[in-house]
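The whole structure should be built from the sequences, with the hints applied where relevant.
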Amino acid sequence: EPEVTQTPSHQVTQMGQEVILRCVPISNHLYFYWYRQILGQKVEFLVSFYNNEISEKSEIFDDQFSVERPDGSNFTLKIRSTKLEDSAMYFCASSELVGETQYFGPGTRLLVL
Amino acid sequence: GQQLNQSPQSMFIQEGEDVSMNCTSSSIFNTWLWYKQDPGEGPVLLIALYKAGELTSNGRLTAQFGITRKDSFLNISASIPSDVGIYFCAGNAGGTSYGKLTFGQGTILTVHP
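Chains as they are written, first to last, in the numbering used here: chain A, 1 to 113; chain B, 1 to 113.
Please keep in mind that the hints were generated in silico from the structure rather than gathered at the bench. For glycine and all other residues, C-beta sits at the position ideal for the given N, C-alpha and C. A couple of the hints might just be wrong.
Listing some non-contacts, in silico: residues in chain A with all C-beta distances to chain B over 10 Å [said to hold, decoys possible]:
(1) T7
(2) P8
(3) Q11
(4) T13
(5) V19
(6) L111
(7) V112
Straight-line Cα separation of at most 25 Å, PhoX-like style, residue types lysine-lysine; simulated pairs [as the list claims (entries may be wrong)]:
(8) A/K42 with A/K57
(9) A/K57 with A/K78
(10) B/K36 with B/K70
(11) B/K70 with A/K57
(12) A/K42 with B/K70
(13) B/K36 with A/K42
Encoded structure:
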């Protein structure tokens, strides 16, 4: 069964450093998403991406964040200058069409020290 | 912004018992999804609901999309120890939301053998 994959599974970084989180969505899916989950809290939407453009972003997704589909399979989330409060699980998701079921990856646990 | 109120926050039950949890919203959603999350992993889809009034089953799980489109419930019958985890409802409002999912706060389920 096709699944969303994410790398790395864990990342530890120093405050102010740049991080890039990688995702490989399900191959025939056209819509891609990033969510985050701070420890013990609910999952929060960050950004949706379609046709090489951001479709929607939340207020969390400020200028420090960017997304990219650098090739036909990868979808990345970059945090330019990490802050302590960026520590969270980051989940990538994809769906075949907008409004259809989103399938989530296993997440990247980011710890900013 | 849109918010989903999920209850109960946690449940402690005996193996074999039935479980019910629900989500309500002050605004309309076009899609309701129920996910299960195990510790340190990504949300796994359980049931997807696309039409008001829809009642859908997946094994021992049954979920309904409320007629008003502002609520949904999930029932688990004859619970077993592997049902332990965090259950999240999620909704998509459609329109200009481009697939953005709003998540509830989660229900932590503990099943005693």
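**Asked** Taking C-beta pairs only, is A/Q11 more than 10 Å away from all of chain B?
**Response** It holds; A/Q11 is separated from chain B by about 14 Å at its closest Cβ, greater than 10 Å.
**Request:** With a cut-off of 25 Å on the C-alpha distance, tell me whether A/K42 and B/K70 pass.
**Result:** holds, 19 Å
**Asked** So is A/V19 really clear of chain B, every C-beta pair being over 10 Å apart?
**Response** Its Cβ never comes within 10 Å of chain B, the nearest being 18 Å, so this holds.
**Message:** Tell me if the straight-line CA distance from A/K42 to A/K57 falls inside 25 Å.
**Reply:** Holds - the C-alpha atoms of A/K57 and A/K42 are around 17 Å apart, at most 25 Å.
**Message:** If I take the minimum Cβ distance from A/V112 to any residue of chain B, is it greater than 10 Å?
**Reply:** Given that every Cβ of chain B is farther than 10 Å from that of A/V112, nearest at about 18 Å, it holds.
**Request:** With a cut-off of 25 Å on the C-alpha distance, tell me whether B/K70 and A/K57 pass.
**Result:** It holds: about 23 Å lies between the C-alpha atoms, which stays within 25 Å.
**Item:** Check on A/P8 being off the interface with chain B, judged by Cβ distance over 10 Å
**Value:** holds, 14 Å
**Asked** Does B/K36 pair with B/K70 here, judged by a C-alpha cut-off of 25 Å?
**Response** holds, 21 Å
**Message:** Can you confirm whether the C-alpha distance between B/K36 and A/K42 stays at or below 25 Å?
**Reply:** This hinted pair holds, its Cα atoms lying about 12 Å apart.
**Asked** Would the pair A/K57 and A/K78 pass a check requiring their Cα atoms to be no farther apart than 25 Å?
**Response** holds, 14 Å
**Non-interface claim for A/L111, where every Cβ of chain B lies beyond 10 Å** = holds, 13 Å
**Prompt:** With d taken as the least Cβ-Cβ distance between A/T7 and chain B, does d exceed 10 Å?
**Reply:** Correct as stated: the minimum Cβ-Cβ distance to chain B is 13 Å, above 10 Å.
Comparing the model with each earlier hint shows no violations; every hint is respected.
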